[in-house]
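J.: Sequence:
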Amino acid sequence: MKLEKIKLSGFKSFVDPTTIPISGNLTAIVGPNGCGKSNIIDAVRWVMGESSAKHLRGGNMADVIFNGSSGRKPVSMASVELVFDNSEGKAGGEYSQYATISIKRQVSRDGQSLFMLNGSKCRRKDITDLFLGTGLGSRSYAIIEQGTISRMVEAKPEDLRVHIEEAAGVSKYKERRSETETRMRHTRENLERLNDLRDEVEKQIKNLAKQAEKAEKYTELKKQERQYKQELLAMRWQNFQRSAQKLEEKLQSIAAEHNRLFVLLRDTEKAMELKRGEQKAQQQHLDSTQAEYYAVVADVSRLEQTIKHNQKNHEETLLEINRLKLQAEQAQSECEQDRQQLEEIRQTLLEAEETMIVAREREEDLLGIQQDAHLQKQQWQQQWEAFLAENAGYREQAEVQRTKLVQLENQNRQLQTRLDKLNGERGGLADTQLQLELETLDSSIELIEAEREQLQQQLEFVLQRIAELRPAIKQLHDSLHANRAELQKVNGKISSLELLQQHAMGKDKKELGVWLEQVGLEQQPRLAEFLDAEEGWETAVETVLGSYLEAICVDSADSILGELQDLTKQSLVVFETHGNSTGASADSVALASKLSSRWDLSSLLSGIYCAETMQQARQMKLLAHESVVLADGTWLGKDWIKISRGSDSKAGVLHREKELRELKQRQSELQMTIAEEEEQLVNSEQELKAAESNREQYQQKEKLLSAEFSAKSAEYSAQSARFEQQKRRLEQLDHEIEEISQHLAENAESISEAEMIKQDAEQALGDLGDKKTELEQLNQHIQAQQQNTDASVDEARRHLHRLHAQIESLKSSEVLTAKQIERLQLQHQQSADRIAELENKLHYALAPLDDEKMQLEELLERKAEFEDNLQSERQAQQASEQTVSQLAEQYSQTQRSLEKQKEALDQVRFEQQDSRVRQQTIAEQLTEVDADPEAILTNLSEGATEAKWKNAVDELTDQIEKLGSINLTAIEEFKTQSERMKFLNEQHDDLVDALNTLDQAISKIDKESRQRFKETFDKINNGLKEKFPRLFGGGQAYLELTEDDLLEAGVNIIARPPGKRNSSIHLLSGGEKALTAVALVFSIFELNPAPFCLLDEVDAPLDDANVVRFSQMVEDMSATVQFLYISHNKVTMEIAKHLAGVTMKEPGVSRMVAVDIDEAVSMAES
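Residue 600 in our numbering sits at position 600 of the sequence shown, with consecutive numbering throughout.
Any given hint could turn out to be false.
[To be verified] Here are the computed distance ranges between Cβ atoms for each label pair:
#1 200 - 1007: 39 to 45 Å
#2 433 - 73: 16 to 22 Å
#3 301 - 841: 20 to 26 Å
#4 444 - 687: 32 to 38 Å
#5 1040 - 988: 29 to 35 Å
Bear in mind the hints are in silico, worked out from the structure with no lab data behind them.
Quick caveat: nothing in here was measured; it's all calculated off a predicted structure.
In this text, a Cβ means the ideal position worked out from N, Cα and C, and glycines have one as well.
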């Protein structure tokens, strides 16, 4: 999988859509400082999923979006796309089938970030997972930014391990392990929750078990209660049945009495009805008599009223006749008046119609005159519109030319201002001050470079001296430490041996020590301290001398002879040293020949010889006072043998004494050596401190000079850019001045032409002024004539309208007057007819008045007769009513008795019905529980009574109530929770099995990770050991683990360039660190080549020789690795097969210029 192209749009300085083709395995990106080369590396890192703005050289993620420049506005979105060639199918997973893989990232200013994989939206994790184990990533070893190459070797052991894990492909295993641990953590959390749930369910089961037991007891008691209640209900049912039979008998008795009273009531009612019939007949006769009486009374009253009414009508008729006569006379008079008024109206109407005909003729004449005036107005209007059109044309032409002149004059002023400004700017740019400043800056830069070079030589000498002093100081430290340790060891041995010697020589005997102190011998040496036995004969001498070895050496014993008597419990040997030192000859075999001492020991060793072997000793001829001793301490006399071994306290005294002397000599030598080394160390450290102080001063000066050099260089670059910009600006100014001059000349011609056109138009407008005056005067005349005509027409129309209204009014008055005459004639006729009718009525009304008076007298007589008959009939009627009242009273008493019997009957029936209802209710209650009362009564015990059974039910009820609240669902819930507990136990076992499975998976992952990491670590270490000498021309470098655990151990890099024994990688120079990091990265790439490698000015800290070696290695590695690198070094550029240049012609905007080297060479050769 190789990188084909990089597409950028709106990313940092690449504001325009830019495509960077990557052809071949060696592509170099070149360009001046600040043109945006490193933005390409940032773009690749960003699209690979970098989430930290700090690693993209920004403050926040929106800083990657182009923020505008002097000539460009900011954009709202940035996008970067990487296109990979996957024709070999090296991409993992489902993407191995794609020949091309594209990853893209977009971000907008509102913070919305979008990842796309082959055109489909995806997550950031999908991008990282795609390249997991390939060496690619936002912070992988395949992307090395400017100034970060050395940080790779200076990284913490844990961070350096990450790169090796990525190369080993362990990172995806770690990811899986992390996911597995997450699942395990979730599983353990689920297990904890499950355990909590199990505990809770177990508590519930225990509680439900108690509740279920209580519910079962409740069920049993309830069953007994139900049985007793059923039997109690059966007994009540039986009681209600018996009560119903008794009520039925009582009902029959009450019903018989009720029937007797009902018969009596019916008989009384019949008698009362009969008597009421007679009373009714009497009443009817009385009513008939009263009716006749009332009829006669009515006739009398009617006749009296009729007579009064007829008399009153006669008077009213006379009054009406008089009134109608008067009304007829008034109508006749009004009718005559209306006939006269009608004649006048008709005469006035005729005159008005004649006047209207004349007015209409006048109106027609005026309308003709008005039409002529309107025609003249239309003709004038046409002439006026033509005049206005012609005048507007000339006026518009003049205005256009006037506006054009103003615009041209304004343009000329602007152009002249611009010309003056450009001439002023050109005059300012023509100043040679900038060139002089450039020459001065160039001289300053040369002086600074010379001073820097001298300072760098001094700094290199100081650094070389520091490099020499530090190993020497370290060596002195190590040596001093070793010597001090050895001295301490020697001191310890001396102390131990001295304690042994003190014991062996009796110096630890307190009482003897007190005596020696009293006699002044506590400081005297012992004999063993001055004996030096030949190698191998120490044991023999110790055997012979024995207790004499702890003898106190004094010049003479005379001075202490008097004190010896004070020693009562201690032994003491005193050796007088006044004799000279003796030594045996070389041929002597006496034991004394094996010793060397400053004093004569013949008194102790005379007659004692030495032999090499037991056989040799036995062959010697010894006298009685003579003896021989072997090297192992076997002592032989003439007739005795003494063997001493290690149990003797004096064994090893001479050897220890010899060792003590050697150790003390070594102690003295070590003390002298340590003093010398301490002095050398102090001097070296002082010299190193001075050298480091000088280095700091030189570095500070070099830093200041570098800063000054950078400032001067930047100023020189800026001034050079300004000078170049000034030259380009002068050329641009000359071109603009020439263009402005041409514009001014063209504007002058245009002004002249416009001035002529404007004058012609103004002259034509002057000529049109006279015509306008004539047309206006004509218009005034036509308007005056038209106004007069319109006024006359309006007046004629108004007059005609008044006449028409007058005629209509007269016609209406004529019609109304005619109608009024008809009405009055009709009214007069009606009045005459009414008068005749009333006179006739008056004649006929006077005749029947006498007859009615006679009829009234007859009716009064009949009225008196009817009053007498009516009085007798009323008395008979009262007697009948009294009899009916007595019968009604009897009927009422009987009815009340009947009502009482009926109430008693209803009461019995109600009780009977109540008993039936209760019995039915009990039967229904028994039916609901499928119980037959008769069957229950059959099986009922003989002594059962309702009271006993009621007490039994109450007792059972009390027992149930004492149980308290009962959860009847507890039995079912207990069963359900038990099943749930069983399910939870199964779940618990499943989770435990899952945890075991996950533990096994982690163990498998750890095993695979250890194996892969170990293999990769060894291969990278071998590659580093091979490539480091190639890059440095010698030296050695290797990797080491910080601990034995391969899963957690960090990785340290140890690098020692040729001739150096530095103890830390931090002591290397910048170039050495860069080369070491390159060796490490290339070793990783050799093992696990990433799809590509990005190098950003990695060769910047290298000198020419190292650049050559670095370039050679990059070229060799390009056979298997695709390199895209940024460099300012020509040697590194030369190895590139494809050059991509980055320019910033427009300030703040980067552009690409690509060149294929092979094509360029072939083109040049052709």
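J.: Please name the hints from earlier in the document that this structure breaks, with their numbers sorted from lowest to highest.
T.: Violated: hints 2, 5.
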